[in-house]
Amino acid sequence: MGLPEERGRNSSGSGGREEAGAGGQTRSWSPPPEVSRSAHVPSLQRYHELHRRSVEEPREFWGEIAKEFYWKIPCSGPFLQYNFDVTKGKIFIEWMKGATTNICYNVLDRNVHEKKLGDKVAFYWEGNEPGETTQITYRELLVQVCQFSNVLRKQGIQKGDRVAIYMPMILELVVAMLACARLGALHSIVFAGFSAESLSERILDSNCSLLITTDAFYRGEKLVNLKELADESLEKCREKGFPVRCCIVVKHLGRAELGTGDSPSQSPPVKRPCPDVQDKLKKKFKCIQPQISWNQGVDLWWHELMQEAGDEFEPEWCDAEDPLFILYTSGSTGKPKGVVHTIGGYMLYVATTFKYVFDFHAEDVFWCTADIGWITGHSYVTYGPLANGATSVLFEGIPTYPDVSRLWSIVDKYKVTKFYTAPTAIRLLMKFGDEPVIKHSRASLQVLGTVGEPINPEAWLWYHRVVGARRCPIVDTFWQTETGGHMLTPLPGATPLKPGSASFPFFGVAPAILNESGEELEGEAEGYLVFKQPWPGIMRTVYGNHTRFETTYFKKFPGYYVTGDGCRRDQDGYYWITGRIDDMLNVSGHLLSTAEVESALVEHEAVAEAAVVGHPHPVKGECLYCFVTLCDGHSFSPTLTEELKKQIREKIGPIATPDYIQNAPGLPKTRSGIMIFIFTMIISQDHCNILVRKV
Numbered sequence: 001m002g003l004p005e006e007r008g009r010n011s012s013g014s015g016g017r018e019e020a021g022a023g024g025q026t027r028s029w030s031p032p033p034e035v036s037r038s039a040h041v042p043s044l045q046r047y048h049e050l051h052r053r054s055v056e057e058p059r060e061f062w063g064e065i066a067k068e069f070y071w072k073i074p075c076s077g078p079f080l081q082y083n084f085d086v087t088k089g090k091i092f093i094e095w096m097k098g099a100t101t102n103i104c105y106n107v108l109d110r111n112v113h114e115k116k117l118g119d120k121v122a123f124y125w126e127g128n129e130p131g132e133t134t135q136i137t138y139r140e141l142l143v144q145v146c147q148f149s150n151v152l153r154k155q156g157i158q159k160g161d162r163v164a165i166y167m168p169m170i171l172e173l174v175v176a177m178l179a180c181a182r183l184g185a186l187h188s189i190v191f192a193g194f195s196a197e198s199l200s201e202r203i204l205d206s207n208c209s210l211l212i213t214t215d216a217f218y219r220g221e222k223l224v225n226l227k228e229l230a231d232e233s234l235e236k237c238r239e240k241g242f243p244v245r246c247c248i249v250v251k252h253l254g255r256a257e258l259g260t261g262d263s264p265s266q267s268p269p270v271k272r273p274c275p276d277v278q279d280k281l282k283k284k285f286k287c288i289q290p291q292i293s294w295n296q297g298v299d300l301w302w303h304e305l306m307q308e309a310g311d312e313f314e315p316e317w318c319d320a321e322d323p324l325f326i327l328y329t330s331g332s333t334g335k336p337k338g339v340v341h342t343i344g345g346y347m348l349y350v351a352t353t354f355k356y357v358f359d360f361h362a363e364d365v366f367w368c369t370a371d372i373g374w375i376t377g378h379s380y381v382t383y384g385p386l387a388n389g390a391t392s393v394l395f396e397g398i399p400t401y402p403d404v405s406r407l408w409s410i411v412d413k414y415k416v417t418k419f420y421t422a423p424t425a426i427r428l429l430m431k432f433g434d435e436p437v438i439k440h441s442r443a444s445l446q447v448l449g450t451v452g453e454p455i456n457p458e459a460w461l462w463y464h465r466v467v468g469a470r471r472c473p474i475v476d477t478f479w480q481t482e483t484g485g486h487m488l489t490p491l492p493g494a495t496p497l498k499p500g501s502a503s504f505p506f507f508g509v510a511p512a513i514l515n516e517s518g519e520e521l522e523g524e525a526e527g528y529l530v531f532k533q534p535w536p537g538i539m540r541t542v543y544g545n546h547t548r549f550e551t552t553y554f555k556k557f558p559g560y561y562v563t564g565d566g567c568r569r570d571q572d573g574y575y576w577i578t579g580r581i582d583d584m585l586n587v588s589g590h591l592l593s594t595a596e597v598e599s600a601l602v603e604h605e606a607v608a609e610a611a612v613v614g615h616p617h618p619v620k621g622e623c624l625y626c627f628v629t630l631c632d633g634h635s636f637s638p639t640l641t642e643e644l645k646k647q648i649r650e651k652i653g654p655i656a657t658p659d660y661i662q663n664a665p666g667l668p669k670t671r672s673g674i675m676i677f678i679f680t681m682i683i684s685q686d687h688c689n690i691l692v693r694k695v
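Take the sequence shown: its letter number 471 is residue 471 in the working numbering, and every next letter is one higher.
Keep in mind that the hints were calculated from the coordinates and are not lab data. Heads up, the beta-carbon is just placed ideally off N, CA and C, and yes, glycines get one too. Check the hints yourself; a few may be wrong.
Label pairs and their computed distance ranges (CB to CB) [to be verified]:
1) A608 - G89: 41 to 49 Å
2) E228 - H48: 19 to 27 Å
3) T657 - P243: 28 to 36 Å
4) R465 - H48: 27 to 35 Å
5) E314 - E642: 49 to 57 Å
6) E314 - R568: 45 to 53 Å
7) K413 - R27: 44 to 52 Å
8) E603 - G63: 49 to 57 Å
9) G89 - R52: 23 to 31 Å
10) E522 - Y70: 37 to 45 Å
11) D572 - G63: 30 to 38 Å
12) G131 - R52: 49 to 57 Å
13) L223 - A525: 47 to 55 Å
Generate the whole structure from the sequences, applying the supplied hints.
The structure is reproduced here in structure tokens:
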């Protein structure tokens, strides 16, 4: 992406040699020479040179990278303007304002027509069942995106409209989001594991004109009737005076009935089961196919609309600062925040981070296991890989189905070279030992990555030793929905690795550690992690509530973007994330608001008050521990516990289901604006300590 590249041997490489760190207490692993030799950034010295320039000369640095993309109208005004200081006026960030482009054109048309990658596989799709597979090339993907753009236009969707997408990990999800981007509409993707209540809340907040969903899907052995949840959500919207005029439904489980053949112009893409599992799949779907309700005048079948759609669509040329998508993330007040990312800066940042953090080369097969319903899927399943012309794996299933070696079977099947997953998945698979991993070759793997939460050293070492066979660098990435892309990360060919550390800032990122008074701490230090200047991928606002954007991220320390995370910097300059410092919990790599869970609990007639805290969990990293104070006349029981868990699942989603609910008469609860105390329980096998945390 426009940066000078060095191809010489990294003289400092040690081929994975273990070294003693500070005081002999922290071991580090130097990049293997074979990785450094071909790396885009082949040495730590080269990294420091590029990073220094990116921070001191951001306009020139990112301006060179911008030349790698197509601009209908190039930037003729200021390349970067911003204000991070609430005391000096409104917070704003503008990269390349006035330039016009289209991100869909850059990730598809440019690859097909200019780079001649039309016949290259964009995605290998691997279904929930082994053998349930298909693939799609860049040319085929472009055709389907143009078709669905015509579908959306016929349904009245225009530039600036919001479209909700509630789908599992199928190719139509990628088609839908790129079609929105092609015509300048904002996609708002809601994770298919969220409840009908969560979906309706997001539709209402952004006034979505249209919903795209699926009949149903399997997640492991669990059948999820997504259409039923979508119907429930749309009914909630109607009850609140906002009827969504159209719901487009992909016939996913019933796909075999369509008989669309293998033509690339047909949609949806056909599953191609291996012969030995074909009969099993047909029997399964025939027997367990759910009944799909149909709302005449609202519901439309995806495949019927696509059959009538043209396969050409001129992209809508948008300003670099026009919004690209809204993605909701939990907020400390309980109401999810609609994070808004814009076209130009986000495109530059995800493309550049993808290329350098994973050291991407044209022959790579990349696999990010994240769901597209999260920011990791937006940036490193869809936009980042496609912007680089990469081939990726899109996986519908789960790591443990039909057995615990599924991930490594897929790695071998598609010869995956770069693999990106969550520490939660690693800890889960560690429980089953080495054998399910080592029975597969994994010889294709070159770089491993982690995302979502800090990885504990034990899991890092297992990942490195067993999965990577001691030869694959691990890029432990720190970033947020709000940042758009990686902020702190090693580079595979340049950075000596310390297990558990996100190491150094990416290009354009200027971190600082502040104390409670807002003073910058130098050298070894621990405090609040902040960033001193904008990078292209930073969010621009909270949808419909810019004041909340300013208050959440800029008010506490004027002049800085406040991450909400604590951080430690060691004597070598490595950054270590120490955890959230607000009322947010990181469960399986996903942020949950304590206030949102508390609100769900107190809606139950038996609950007067509730307080939610985090509790260590060997797989999830952190789980929910809920305290409830009951109303007079109600008693605590296993039945009530199950009712409360069910209520949380219905209000938020299964991911928020608490592991513990405890009766606590008179316990104070967290509420913003009140100086109170909550109890944080730290429970080990041998004892229980109760700490008081001031909030």
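Going down the list of hints, with the structure as the test:
1. A608 - G89: 41 to 49 Å: holds (44 Å)
2. E228 - H48: 19 to 27 Å: violated (54 Å)
3. T657 - P243: 28 to 36 Å: Once the Cβ atoms are compared, 31 Å apart, the range 28 to 36 Å for P243 and T657 holds.
4. R465 - H48: 27 to 35 Å: Holds: the Cβ-Cβ distance is about 29 Å, inside 27 to 35 Å.
5. E314 - E642: 49 to 57 Å: Because 54 Å falls inside the window, the suggested range holds.
6. E314 - R568: 45 to 53 Å: holds (51 Å)
7. K413 - R27: 44 to 52 Å: Check failed, 34 Å falls outside 44 to 52 Å.
8. E603 - G63: 49 to 57 Å: Cβ of E603 to Cβ of G63: about 52 Å, so the range 49 to 57 Å holds.
9. G89 - R52: 23 to 31 Å: holds (30 Å)
10. E522 - Y70: 37 to 45 Å: holds (43 Å)
11. D572 - G63: 30 to 38 Å: At 32 Å between Cβs, range holds.
12. G131 - R52: 49 to 57 Å: holds (51 Å)
13. L223 - A525: 47 to 55 Å: holds (51 Å)
Checked against the numbered hints given earlier, this structure breaks hints 2 and 7; the rest are met.
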